[in-house]
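*Asks:* So you can see what is in the structure, the chains are spelled out below.
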Amino acid sequence: MQLFWLSVGFGLVTASVLAISAVGLSLQFGITNYINFAYGDFMALGAFFSYVLNNEVLHLNIWFALVIGSFGMGVLAVLFNRLILSPFARRFNKTFYVLIVTFGLSLILLNLEYSIWGADVRFFKMPIDRVLHIGPLLLTKDQLIVMAIAIMLMLGVHAMLKTTRLGKSMRAMSDNTTLAMTSGIDTKRITTITWFLSGTLAGISGTVLGITEGNLTPASGELFLFVIFAAVIVGGVGSIYGAMAGAVLIGLATEISAAFINPAYKLDTAFVILILTLLIRPSGLFARPGRA
Amino acid sequence: MSGIWYYVFTLIFFLFDYFILAMGLNIQYGETGILNFAYIGFVAIGAYVTGALSLPNSAGTAQHYILGLGLPFPVNLLLGGLAACVFAVVVALMTLRRLRTDYLAMVLISLSLVLYDVCNNFVPLFNGADGLYNVPEPFAGALHLTTNSFIPFFAAVTGAIALIMWLVMSRITRSPIGRTFRAIRDDDVVAAALGKDVFRQQLKSMLIGSFYAGIGGGLIIQFSGSFNPTAWLPGETFVVFAVIIVGGVGNNIGLLVGSLLVETLLVHLPAFLPAIPGHPGLIEYFDAVVIGVLLMVMLWFRPQGAVPERVRRASSFGVRERLLGDSGAVSDDIAPSPQLAIESAAGPGDGGGQ
Chain C
1 MQLFWLSVGF GLVTASVLAI SAVGLSLQFG ITNYINFAYG DFMALGAFFS
51 YVLNNEVLHL NIWFALVIGS FGMGVLAVLF NRLILSPFAR RFNKTFYVLI
101 VTFGLSLILL NLEYSIWGAD VRFFKMPIDR VLHIGPLLLT KDQLIVMAIA
151 IMLMLGVHAM LKTTRLGKSM RAMSDNTTLA MTSGIDTKRI TTITWFLSGT
201 LAGISGTVLG ITEGNLTPAS GELFLFVIFA AVIVGGVGSI YGAMAGAVLI
251 GLATEISAAF INPAYKLDTA FVILILTLLI RPSGLFARPG RA
Chain U
293 MSGIWYYVFT LIFFLFDYFI LAMGLNIQYG ETGILNFAYI GFVAIGAYVT
343 GALSLPNSAG TAQHYILGLG LPFPVNLLLG GLAACVFAVV VALMTLRRLR
393 TDYLAMVLIS LSLVLYDVCN NFVPLFNGAD GLYNVPEPFA GALHLTTNSF
443 IPFFAAVTGA IALIMWLVMS RITRSPIGRT FRAIRDDDVV AAALGKDVFR
493 QQLKSMLIGS FYAGIGGGLI IQFSGSFNPT AWLPGETFVV FAVIIVGGVG
543 NNIGLLVGSL LVETLLVHLP AFLPAIPGHP GLIEYFDAVV IGVLLMVMLW
593 FRPQGAVPER VRRASSFGVR ERLLGDSGAV SDDIAPSPQL AIESAAGPGD
643 GGGQ
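These protein sequence lines map, in sequence, to chains C and U. Residue 146 in our numbering sits at position 146 of the first sequence; the count goes up by one each step and never skips. Take the position in the second sequence, starting the count at 1, then add 292; the result is the number in our numbering.
The following block holds chain U by itself, in its conformation from the complex (with noise of 0.2 Å):
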């Protein structure tokens, strides 16, 4: 199989694993409105235990990690998945009850600076800076895949798996606990006054999204066979944003879209392009740049991105209608003008105040 084949195959992988991560994050900042600062840390539990629980005992290779259980691939990812959710518990319940928004998210950040740091440094948990490499390909004995013939197969598994994921949110979205995470995201306190527990829900929205995480974590370490702390810097989580805010937040095919023109086009099509000689790396910097000022640009001209979320029908009682109109008319009250909009946003009513 040519090189170009090799390549086309790897960007589709990164467009349907980048699908699966934005799933996760939408579903916690943009149905529930938890700005998860903290979302590649959960991508990276996801993806460490999943290498770690698919390779051999670590105790006859140069490698240093803990479990090595050598599991089948399926189960490996599902736990994967789930020790991001037990990641998620552990931070929620530390965090999500006592803070408002932009605390929330610096103690995010700071965490995932802090996760970043001990994964780095501490050697016997999962090998430290070196981080995991040599991990199974899933079914290349079984099937006779090559290195070549693998890609192509792994990137139709991740497609699958995306479709099968896109599948559940799409339900999730559209059922009852969908409505009320987007009622909480709209005005939390509305919400809590028709009855719902603010934080239970926010609670489970950070469960369903940290299993998204995990799984798509679980596939990059499955599709590499390796994976370090280099990977996951805190500057990734803003490629997720990135995606879902020009994809369009709100809207599983508005995903899509966020990670082909993102992920796909801005990310990795670049990192094939022959370097500028005698500036190593400057190709990576300038993409990234690239990728905050569209960012900007977007927010600024199309703040509900590529594809917009769809104005829901919610149920006949027209609950969500009456509640997007309140807290509109709210907002209004509070900012007549736009002189006056910094003041509503500096006003102490901001935020809800938790």
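Here chain C stands alone, though its shape is the one from the complex (with noise of 0.2 Å):
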């Protein structure tokens, strides 16, 4: 019973950066509607920006490096939409081609953080933390803190889509970027915000992977990206709360399962439960209706 809400107390901690990182797709792929491939690569180049802050340069305390690493990710992404990504959108009809460019930018990103990083495993430099009791859970002050961000990102995500009137434009687009355009919403610039959000979420992501698993390597994004995908995919693909529900999902059901099964294969539970999702119900929990 002590290993199972130990695994709960870790699940809840991946659910928190899953949230995050599967929030971030699924805001970019309900306006744009093709999958970033390079998203896993986002997360880790935010990391080692947090990971520069920290250690390198500033030597600024991690959760002051995490916010503007974190935005400076998001610029960056800005930039790969404006200067790869949307051309290749607007001239190819066929969702394939861009595909493949996000797919090539993947290759790019992780093979240039490879050549300034390195291939070494980084650690961020923290404080040691002590373990806190609370209830039944076993939790760490930084684990704590994660979690915390995470919730209050997901708060400030659902009252920006309910409450502003950028929300509103966004979900407008989502439903129907021709209707939107139509209705004088400027579709360029959401399309520009989306990928910032996108971005910065990746970079916290990133950086709160790297505190949570006690290390970052350039390919620690890339491995976690499947992951996201089934988080994604079980939730509804596109559908932000059924990202939400499926990044709880999923990272109890990894945590946990890693009490019962070799931990080595504890991510691969993730792929489990999306196979089973395909089989039963393959539009996902939060299905939007003419998808899928």
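Watch out, some of these pointers could steer you wrong.
In the PhoX-like style, the derived pairs of lysine-lysine whose C-alpha atoms are separated by at most 25 Å in a straight line are [said to hold, decoys possible]: (1) C:LYS188 with C:LYS168; (2) C:LYS188 with C:LYS94; (3) C:LYS94 with U:LYS496; (4) C:LYS188 with C:LYS162; (5) U:LYS488 with C:LYS94.
It is worth saying that the hints were derived from the structure and are not from the lab. The structure presented is a predicted model; accordingly, all values stated were derived computationally and were not measured.
Once you've looked at the hints, go ahead and assemble the two chains, each given alone in its own frame, into the complex.
*Replies:* Here it is, written out as structure tokens:
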């Protein structure tokens, strides 16, 4: 039972990281309607920006480094969209091309990270933490901060989508871009803002992934990518609330399964759930009409 | 034999081997439009099964693997190809019918990572992270080949196999089934309306392509004598995509050109350059960046590839011309201007909605 509650604690932390990253991926997918296969590398790159600020240049506190590094990744995501992805998406009608381009971008970013930072495992500079008992759960202070960040971001995204003009425009665009455009919504501006948010969320989730896993390599984002895909598909592709629910489900399932099977395969549990979802309810838990 | 010849024949081997791999991915992606992002997984299955079948029983060795039947060369290779086909049926039944393009790509790339994870961690299957090694060299005993003379010999064998597979593939792409594949690629709804069972045809295309993947993988393990998980990280799929996009999607000769440009000149030639002191692996990293950039530049300036697909005069009925004309007209309606093209890409009608 001790082991079970321990893994529930880990599961909630993984779910937090997953929720941030899955929402970032879904926001962008909803607006542009293609999957960004470089998203895992966005995460790793954002984490390395935080790492540089934390360890190499300003020696900032990790939480400040996280904020600045992630905004840096957000700006970079906007540039990638403007310079590479959006020209390809405009020019070619088939989704094929832009998917291949994001796959290529992923290869380029991964190998640039390798050439700059090498394949060594890196660590954030953080004060040594002590374990807190919360009910039956055992969590460190950093893990609690990560969970708080995730909850705040989810509430923030919810509030933005439901109450602000920007969020309304984003929902309109993700329902029907042409209609949104004819209603006078500046779709280009919304797309840019969405890429900024998506990149920032990727940066935040990459950094908190590095914090919770305790290490950081250029490949850590890419290995995490298929868990994000599982969360997104289980939740229903393109649905923000589905992504949140999928993240909690997948996060808990992977960590709790690690208590019973060899932990080396814990992430593969996500894939099993993904396949089961496809067989039973292919459109996901929170399906949007007209898709899947 | 001097080192330079050893090196030249290694390059020739990879040229032919990637020609085979590119033909397999081309029938799936280039002819049928299935975005198989797990392609390297099928290659790996072919390689592992071929190797494990030719190795003796694992009981007395330091390695752990299943099978271990000690089968002779062409038999194990064929079975390796068939193993990849079996895997393709399982994957196709789970995913093809349910998912449209980008969802399929997501699931397949996840599959590739999971397969990698399992092979890397589950030692009794194919020796885990160490992979298979000491795989017997085909015919080396019978023909009294040394390690040096084996390299040119096996490069020639691979060339002969590639030639046969190219002839077969040319027949397939010219036959009615090839035309059906291309009709599905260009517009699966139109193909279904003309009475084609889209899923069945996609399954056939997956099977043919996976067989080529398995053979290509089997040849790699026979050539190098070893195969381990670092050889088939999911990013390797991208190299095969780069081969067919640079060479020319839907054109078999173009694939040979692409294999020469990407695989031989960009992937394997720099591997023999001296390492930059103090920066191990920097050349390989930089190499991968160059491949990614080349692919984007190629897609932008010459999306049809170095050797474009020929306009086929299909049957006397001109079905394909009409199909092409129709789908062209439809996309023109949706996207009369570049500004609106992004809308049609994002519109609900995109992708056929399976």
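*Asks:* Look at each hint and say if it fits the structure.
*Replies:* Hint-by-hint comparison with the structure:
no.: 1; hint: C:LYS188 with C:LYS168; result: holds, 15 Å
no.: 2; hint: C:LYS188 with C:LYS94; result: holds, 20 Å
no.: 3; hint: C:LYS94 with U:LYS496; result: holds, 23 Å
no.: 4; hint: C:LYS188 with C:LYS162; result: holds, 21 Å
no.: 5; hint: U:LYS488 with C:LYS94; result: holds, 22 Å
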